[in-house]
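Novice: Based on the sequences and whatever the hints tell you, model everything.
So the sequences go chain by chain: A and B. Here this note's numbering is used: position 77 in the first sequence is 483, and no number is missing along the way. Here this note's numbering is used: position 66 in the second sequence is 98, and no number is missing along the way.
A portion of the hints provided could be inaccurate.
[Said to hold, decoys possible] Some chain A residues near chain B, calculated using beta-carbon distances under 10 Å:
1. M407
2. L410
3. A461
4. W470
5. A475
6. R485
7. W527
8. T537
[As the list claims (entries may be wrong)] Dumping the calculated DSS-like pairs for lysine-lysine here, alpha-carbon to alpha-carbon at most 27 Å:
9. B:K62 to A:K474
10. B:K104 to B:K62
11. B:K104 to A:K511
Source of the hints: derived by calculation from the structure; they are not laboratory data. Each residue gets a CB set at the ideal place from its N, CA and C atoms; glycine is no exception.
Chain residues, written in single-letter form:
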Amino acid sequence: MPTLTRWFVRTSLLYLLAALITMLLLALRGLVDLPAFVGALTPVYFHLLIVGWIAQLIFGIVYWMFPKASKEHPRGNERVARSVYFLLNAGLLLRVLGEPMTTAKGGGWGWMLVASAALQWLAGMGFALNTWPRVRDR
Amino acid sequence: MPRLSRWFIRAALLYLAMGFTIGALMLANKGMPFAAWLWRLRSTHIEVLLVGWTMQLALGVAYWILPRFGGKRGDETSAWAAFGLLNVGVLLVGLEAALGLAPLVGLAGKLAEVAAAAAFARHAWPRIKPAGA
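Specialist: And the structure:
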């Protein structure tokens, strides 16, 4: 299993845990008094699960398993592939911090969500473009 | 990778790009509002990424990877039908939400998706067998 795949898969497992802990916090809202920012965590929970866990796991396995792009660059552009990892995770972490901050502290923290959006978008495009040539016969 | 898998997976990658773009615009708008109408695209974003990207990629890889019968993949017609129905479904559901079309359009889309799942299950069921069987 290549190094980058191990990064993707291990990180995805951490996100799975984080998503389920967030889910637990959301479930506790009706039973215990929790800080107001917990109310902003529903979209965080969904994206920790669907982007952080599922999409990231897919990215890692596809990077490993799909047919070779070429003999010289079997996994496509390695720099783009590594960038996808950092862009995706930086974007997600900004979202995890930015959503509750925007709810609790107001508009001054909105830049975090804009930055998060841009980073995750770049990650998605990078993955799609780098994977496209590997969707081939053999 | 067989031809149908290439169709499934390329379509999935296009939906990934579309879904991430809609999502990024919505998230950026949440941080610094610039276009309130973007919230209308929330259902489209969910549909495109859950069904168009994730489910479609899974079907494409399953079609490729599941055991074969002496090199053949069994009932290919059902698998092709699944591809067509799934993508018609995603388009109908996505457009209904984005353009505020009649609910029947979305319902037709969802029925197409159910039919796609049934068609793929019909194709895949006999291929689920132990090694050497």
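Novice: Holds or violated: is the Cβ of A461 (chain A) closer than 10 Å to a Cβ in chain B?
Specialist: holds, 8 Å
Novice: A closest beta-carbon separation below 10 Å is what the hint needs, so does M407 (chain A) meet it against chain B?
Specialist: Violated. Min distance 17 Å.
Novice: Verify the interface restraint on L410 (chain A): the C-beta must sit less than 10 Å from at least one C-beta of chain B.
Specialist: violated, 18 Å
Novice: May I ask you to test the interface hint for W470 (chain A) with respect to chain B, counting a Cβ-Cβ separation under 10 Å as satisfied?
Specialist: violated, 13 Å
Novice: Is the Cα-Cα distance between K104 (chain B) and K62 (chain B) 27 Å or less?
Specialist: violated, 50 Å
Novice: Taking 10 Å as the limit, does the beta-carbon of R485 (chain A) come near enough to a beta-carbon in chain B?
Specialist: violated, 20 Å
Novice: With the threshold set at 27 Å, check whether the alpha-carbon distance from K104 (chain B) to K511 (chain A) stays at or below it.
Specialist: Status violated; Cα separation ~60 Å.
Novice: Per the CB criterion, is A475 (chain A) less than 10 Å away from chain B?
Specialist: violated, 13 Å
Novice: CA of K62 (chain B) to CA of K474 (chain A), is that 27 Å or under?
Specialist: Violated, because 39 Å separates the two Cα atoms, which is more than 27 Å.
Novice: Does W527 (chain A) hold up as a contact with chain B if the rule is Cβ-Cβ below 10 Å?
Specialist: Given a least distance of 4 Å, the restraint on W527 (chain A) holds.
Novice: Given T537 (chain A) as an interface hint, is its Cβ closer than 10 Å to any Cβ of chain B?
Specialist: holds, 6 Å
In summary, the numbered hints that this structure violates are 1, 2, 4, 5, 6, 9, 10, 11.
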